[in-house]
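> For reference, the chains in residue letters:
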Amino acid sequence: MISHRKLAAAFTGAVVATVLLAGCSNGSTATPTDTAASDRPSWCGPNETTIGLTDGYGGNSWRLVTTAAGKDEVAKCSSVTDLLYADGQGDTQKAISDINGMVAKGVGAIVVFPDSGQAMLPALRAAHDAGVVTVPYRVFPGGADGTDYDVFVGADFVTDGVNWGNWIQTNFPDGANILFLSGPAGNSQGVDERKGFESVLTDTAKYKYLGEQPFEVTNWDPAKTQQVLTAAIAKYPKIDVIVSDFGPSLVGALPEFTKSGRSIPALATSDGNVLGCFFKDNAAKNPDFKLMTVATGNDNVRLAIQQAVARATGGTVPTETQFKAPMFEDSVSMTPSDVQCDKSISGDLYLSAQMSGADQQALLK
Amino acid sequence: MATNESNSVVLELRGISKNYSGVPALTDVSLQIKSGEVHALLGENGAGKSTLMNIASGTTPPSVGDLLVSGQRYDALTPALASQLGIAIVHQHPAVLKDLTVLENLQVALPNSIFKGAKAEEVGAKLLDRVGLKISLLQRVEDLTIAQKHLLEIAKALATSPKILILDEPTAALGQDSVELLFKLVAKEIANGTAVIYITHRLAEVRQLADVVTVLRDGKKMQTAKIAEITDADLLAQIIGRELSSAFPAKHKMVAGSTPNLVVTNISGEGFTDVSIEAYPGQIIGIAGVVGNGQSQLLRALAGQTASTGTISINGSVLSAKELHGAAALMPADRQREGVMMRMSVRENAALAALKNFKLGGLLSRKKELAAVNETLGSLSVKAPSIEAPVSSLSGGNQQKVVMARALLSNPMMILADEPTQGVDVGARSELYEILRTASANGIPVVVASSDAKELEGLCDTVYVMSRGQVVQTLHDGENREEAMIKAAVTATTKIIRVERENRQRALENETIIDKGRRFLKGDYAPAVMLGLVMVVLAAYILGKNAKYLSDFNIGSILILVCALGFIAIGQTTVMMTGGIDLSVGPLAGLMVVIASFFINDGSPVLSGLLGLATMIVVGVVVGVVNSSLIRFVKFTAIAATLTTYIAIGGFSFILRSAPEGYINQDISKLVNTKFGPIPAMFIVLILATVGMEYLLRKSRWGWQLRAVGSNEESARRIGVPVTGTIIGAYVVSSLFVFLGAIMLMVQIGVGDASQGVGYTLTSITAVVLGGTSLMGGRGTYVGTMFGAILLIQVMNATVFLDLNQTWQYLLQAALILVAAVVYSLLRSRKNAQ
Chain V
1 MISHRKLAAA FTGAVVATVL LAGCSNGSTA TPTDTAASDR PSWCGPNETT IGLTDGYGGN
61 SWRLVTTAAG KDEVAKCSSV TDLLYADGQG DTQKAISDIN GMVAKGVGAI VVFPDSGQAM
121 LPALRAAHDA GVVTVPYRVF PGGADGTDYD VFVGADFVTD GVNWGNWIQT NFPDGANILF
181 LSGPAGNSQG VDERKGFESV LTDTAKYKYL GEQPFEVTNW DPAKTQQVLT AAIAKYPKID
241 VIVSDFGPSL VGALPEFTKS GRSIPALATS DGNVLGCFFK DNAAKNPDFK LMTVATGNDN
301 VRLAIQQAVA RATGGTVPTE TQFKAPMFED SVSMTPSDVQ CDKSISGDLY LSAQMSGADQ
361 QALLK
Chain P
1 MATNESNSVV LELRGISKNY SGVPALTDVS LQIKSGEVHA LLGENGAGKS TLMNIASGTT
61 PPSVGDLLVS GQRYDALTPA LASQLGIAIV HQHPAVLKDL TVLENLQVAL PNSIFKGAKA
121 EEVGAKLLDR VGLKISLLQR VEDLTIAQKH LLEIAKALAT SPKILILDEP TAALGQDSVE
181 LLFKLVAKEI ANGTAVIYIT HRLAEVRQLA DVVTVLRDGK KMQTAKIAEI TDADLLAQII
241 GRELSSAFPA KHKMVAGSTP NLVVTNISGE GFTDVSIEAY PGQIIGIAGV VGNGQSQLLR
301 ALAGQTASTG TISINGSVLS AKELHGAAAL MPADRQREGV MMRMSVRENA ALAALKNFKL
361 GGLLSRKKEL AAVNETLGSL SVKAPSIEAP VSSLSGGNQQ KVVMARALLS NPMMILADEP
421 TQGVDVGARS ELYEILRTAS ANGIPVVVAS SDAKELEGLC DTVYVMSRGQ VVQTLHDGEN
481 REEAMIKAAV TATTKIIRVE RENRQRALEN ETIIDKGRRF LKGDYAPAVM LGLVMVVLAA
541 YILGKNAKYL SDFNIGSILI LVCALGFIAI GQTTVMMTGG IDLSVGPLAG LMVVIASFFI
601 NDGSPVLSGL LGLATMIVVG VVVGVVNSSL IRFVKFTAIA ATLTTYIAIG GFSFILRSAP
661 EGYINQDISK LVNTKFGPIP AMFIVLILAT VGMEYLLRKS RWGWQLRAVG SNEESARRIG
721 VPVTGTIIGA YVVSSLFVFL GAIMLMVQIG VGDASQGVGY TLTSITAVVL GGTSLMGGRG
781 TYVGTMFGAI LLIQVMNATV FLDLNQTWQY LLQAALILVA AVVYSLLRSR KNAQ
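First to last, the sequence lines map onto chains V and P.
Counting with this note's numbering, you get residues 1 to 365 for the letters of the first sequence.
Counting with this note's numbering, you get residues 1 to 834 for the letters of the second sequence.
Calculated from the structure, these hints are not laboratory results.
Take the hints with a grain of salt, since some may be wrong.
[Unchecked claim] Pairs of lysine to aspartate or glutamate, EDC-like flavour, derived with a Cα cap of 16 Å: (1) K208(V) x E256(V); (2) K251(P) x E434(P); (3) K235(V) x D221(V); (4) K670(P) x D148(V); (5) K670(P) x D288(V); (6) K238(V) x E198(V).
[Unchecked claim] Chain V side only, calculated, beta carbon under 7 Å to chain P, not exhaustive: (7) A86; (8) S97; (9) N100; (10) G101; (11) G117; (12) Q118; (13) A119; (14) A144; (15) D145; (16) T147.
All residues carry an ideal CB built from backbone N, CA and C; glycine is no exception.
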């Protein structure tokens with residue numbers, strides 16, 4: 001009896017693995033919609049191909065929306081017969097393995113969000129060397145276009161900075177005390193943004209920067225952001241503008257102003273539904289509360305997809321290689337839009353994305 | 001074996017005292033041991049005999065006093081030094097390692113010289129044959145019976161032809177035939193001039209064997225005398241400090257017209273067949289026979305712990321196994337393993353079975369418990385420092401009394417005692433007999449199994465002699481003499497043992513595929529084979545979906561990822577083999593890459609590269625030494641120690657590289673990534689390393705010592721394994737394999753990034769566990785680990801190839817680990833029945 005049980009148990013391993021594999025379907029495959037040749041975009045060439053899209057870490061709503069945006073873009077081109085997606089789950093080795101796996105499987109092009117930065121360069125280089133069109137985007141992996149990968153589609157963070165700078169100059173022509181928050185120490189995004197608004201706010205007598213330079217370090221972590229902001233509120237009696245490249249992370253800390261009997265100041269930042277709704281709820285009570293946002297960049301992936309598909313299908317390669325986030329909301333000028341809030345969808349979503357709020361909400365299910 | 005005055009003194013203990021946290025265990029004991037002489041050491045449990053012998057064999061240093069060995073003075077010995085000096089000891093609790101095979105136990109405990117010039121198997125077989133041990137050399141010691149473990153211990157001691165042989169109650173667990181064989185062996189050693197120190201409780205053995213006798217009481221030497229010049233009564237008086245009226249209590253007198261209170265009819269079970277027993281109130285039933293003829297199994301079935309057919313009725317009502325379980329109190333023979341919870345206190349051990357009696361509301365009444373436990377322990381005169389002292393601090397006899405106390409406290413329906421006086425001194429013995437007799441007189445059926453026929457003769461009213469699981473003779477009061485029992489058992493056995501041996505021989509020759517499979521599944525390599533099967537099934541499935549699965553690119557990229565994990569997991573396996581764990585491997589790999597990013601860049605000179613590699617190795621060795629020093633000297637647990645270094649190393653990496661920088665030399669990267677066809681050169685290195693380590697683990701002293709330490713640190717120390725050195729070595733080896741892993745990681749990520757590598761801590765542990773290496777230490781394989789590493793990477797790759805939803809990545813890994821854990825523990829669950 002015993003031995004039979006043991007033998008049965010021994011086989012369970014193999015059986016379970018097989019059943020698990022057999023039981024699952026291709027859950028993440030996009031079905032490209034048939035598009036008539038007439039409205040085929042110029043970057044969509046005639047040669048059929050498959051596209052791989054990989055994330056280093058795909059576990060938050062921003063990434064869900066971004067991935068969906070990527071699929072949406074791919075669907076515009078009927079030459080792409082299949083889109084594969086893989087999530088590195090925060091593990092560099094898994095992210096490398098994902099890229100290798102897609103190359104081995106024979107994709108024509110691969111679009112990579114290289115969360116681990118330069119550590120992903122050898123894997124990108126290997127994919128490129130294997131003849132696969134390789135397009136990293138958003139996070140710079142080191143290396144150079146044409147040798148280590150086909151093209152890097154970064155975001156133009158200097159432009160974001162310039163947009164913020166212009167708005168500050170318009171709304172605070174007599175000068176302002178500015179608190180700038182960004183991610184990890186020394187991150188290139190924060191450095192570029194600073195470069196951008198400094199190029200506009202040239203009068204250093206009028207525009208003063210508070211706190212740690214070039215920016216207060218938050219690691220883009222809402223909890224850390226709250227600590228930093230609380231300390232700054234206590235330390236500086238007069239803060240006119242807070243500049244941040246991760247708007248929604250401010251929401252938790254802003255009530256600190258109200259608690260200390262001050263108005264929430266002006267914010268120049270990136271968008272998020274939660275931030276828009278917070279503004280709508282609190283603007284009346286805070287006379288100094290103005291809000292301007294640039295799009296948070298979910299659509300950065302669309303340009304990367306276009307670059308990749310164009311090269312793999314023989315389409316026209318877009319000349320643009322950098323994503324410039326458009327201005328999104330401005331509570332003062334109302335252009336391009338007033339502050340937006342959709343309480344019927346999650347606060348985690350981004351109304352600046354091309355995809356509708358309702359479609360984004362559907363992704364969360 | 002007459003004592004010869006001219007025999008030289010080979011060992012002298014001078015003025016030895018030993019204190020344990022202020023409590024004296026030995027006070028000013030001096031002893032002279034002469035060659036060619038058997039020196040018996042007598043005393044009650046706790047008199048200090050074992051402590052004295054631990055000092056003589058180097059396991060324990062004395063607090064005061066010194067030793068002279070062959071005229072050379074020593075303040076203290078170590079086990080290794082003692083064995084060099086020709087001192088061998090047979091411990092009361094055999095210092096054998098359960099996770100190692102019989103042969104490996106011999107190899108790790110004995111010097112290489114024993115095995116020189118012949119095949120290890122032949123030498124091992126000869127050693128076993130000498131003590132009459134009929135078992136396979138490849139059997140795991142865990143599966144041996146107590147008697148077999150004792151014989152193995154004796155075989156080890158005799159193998160070195162020692163000058164001084166210490167036998168600490170060697171016959172306690174042995175049957176009559178083994179005892180006679182042992183005596184013959186001892187006689188032979190004596191004839192060769194060996195000095196023998198013999199600790200026992202059995203006076204008869206002392207008479208039979210010893211030339212000189214020394215009595216210890218309460219840590220002090222009472223007397224040393226020639227055996228011929230002292231009477232049993234004198235000896236007993238010295239041992240217990242008082243005259244014993246009689247060792248055994250008076251027997252029961254049959255009352256006419258009484259009816260039996262225990263009737264067992266034709267019960268059969270595993271290890272015994274068709275046994276019937278009848279007992280009248282007040283009678284004590286004895287079960288005699290050579291050890292291992294079904295006595296223990298019978299008792300277990302009577303206690304309702306195992307299934308049996310037939311009927312058991314007490315006081316007229318037939319009881320099922322379920323009803324008996326818990327109601328009948330069984331005192332198991334293997335006290336250490338089954339009788340007491342070593343780490344729990346005396347009170348907890350005693351009260352455990354009777355907790356329901358102390359209920360007060362839904363909780364326990366401390367007062368009731370203490371009162372009952374105190375009374376019972378008092379009546380058994382248990383010698384314990386305190387009622388809250390751990391049971392492990394008690395001597396053998398006192399532990400047995402605690403077991404007895406537990407049995408009595410539970411108000412049992414029946415008392416079943418398996419070898420109740422094994423390792424118990426004369427004074428305590430007579431107390432135990434008295435307690436059993438009282439319980440019996442109160443109408444509780446008492447059944448005693450013992451290999452000591454003299455004991456059964458004195459204690460029992462009716463004795464059933466068992467052989468090969470059957471009752472071969474029933475001896476009623478008056479006829480149950482020792483000789484009768486031995487005759488019944490031995491005459492029956494001669495025939496039966498032969499039959500059994502022939503059967504076993506035949507079984508070995510005609511081993512069916514199922515038998516072979518079963519043996520294999522219990523072995524170390526079963527996990528590796530199972531992983532291999534899973535890998536093949538998975539590969540076949542994917543290949544069916546996509547022919548590119550076996551493309552050169554895919555195989556190459558899978559295997560190159562396997563390399564980093566594989567090397568690190570080999571290091572992890574080494575540490576886990578000692579029962580430790582190394583959490584620092586991940587950050588260490590990261591730190592080494594960060595270090596490399598300063599030295600091994602494009603355009604940097606060769607010397608700089610070499611310096612970088614050297615720095616990486618030195619850092620690895622330092623981390624290994626720090627890890628193991630925290631564990632051995634600062635007494636951190638392995639998890640705490642390596643977690644400390646885990647955090648420290650991570651911080652250090654960030655100090656060196658606050659942002660990713662320092663690209664690794666591309667030529668070096670290409671070199672490391674060299675492939676032969678689809679196979680990376682480094683993967684071949686990994687295979688060679690795995691095979692090499694596996695060979696060392698199985699066939700070298702280093703490997704045996706590694707597993708010995710993991711299996712049982714205390715036993716390993718007693719057989720002379722340098723425990724601290726072995727553990728330090730293991731952590732250093734681990735760090736050196738991390739170095740090889742770091743080389744792979746270096747070319748994989750190509751830049752000095754302080755945040756990389758950390759994940760290898762968990763994945764390496766996962767690979768090791770999948771590979772079947774025990775987290776408890778002592779057993780496992782490098783081959784299994786490597787298969788585990790390959791499978792993990794294969795699963796990672798599979799999620800992409802099968803285009804699985806990302807959740808499957810987690811689900812697959814979790815399923816693999818769960819199934820592995822369940823299967824492996826099922827395979828290892830050892831059957832209690834022996």
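> All hints, please: hold or fail.
Status of each hint after checking the structure:
no.	hint	verdict
1	K208(V) x E256(V)	violated, 22 Å
2	K251(P) x E434(P)	holds, 11 Å
3	K235(V) x D221(V)	violated, 21 Å
4	K670(P) x D148(V)	holds, 15 Å
5	K670(P) x D288(V)	violated, 60 Å
6	K238(V) x E198(V)	violated, 20 Å
7	A86	holds, 5 Å
8	S97	holds, 5 Å
9	N100	holds, 4 Å
10	G101	holds, 3 Å
11	G117	holds, 5 Å
12	Q118	holds, 4 Å
13	A119	holds, 4 Å
14	A144	violated, 12 Å
15	D145	violated, 17 Å
16	T147	violated, 11 Å
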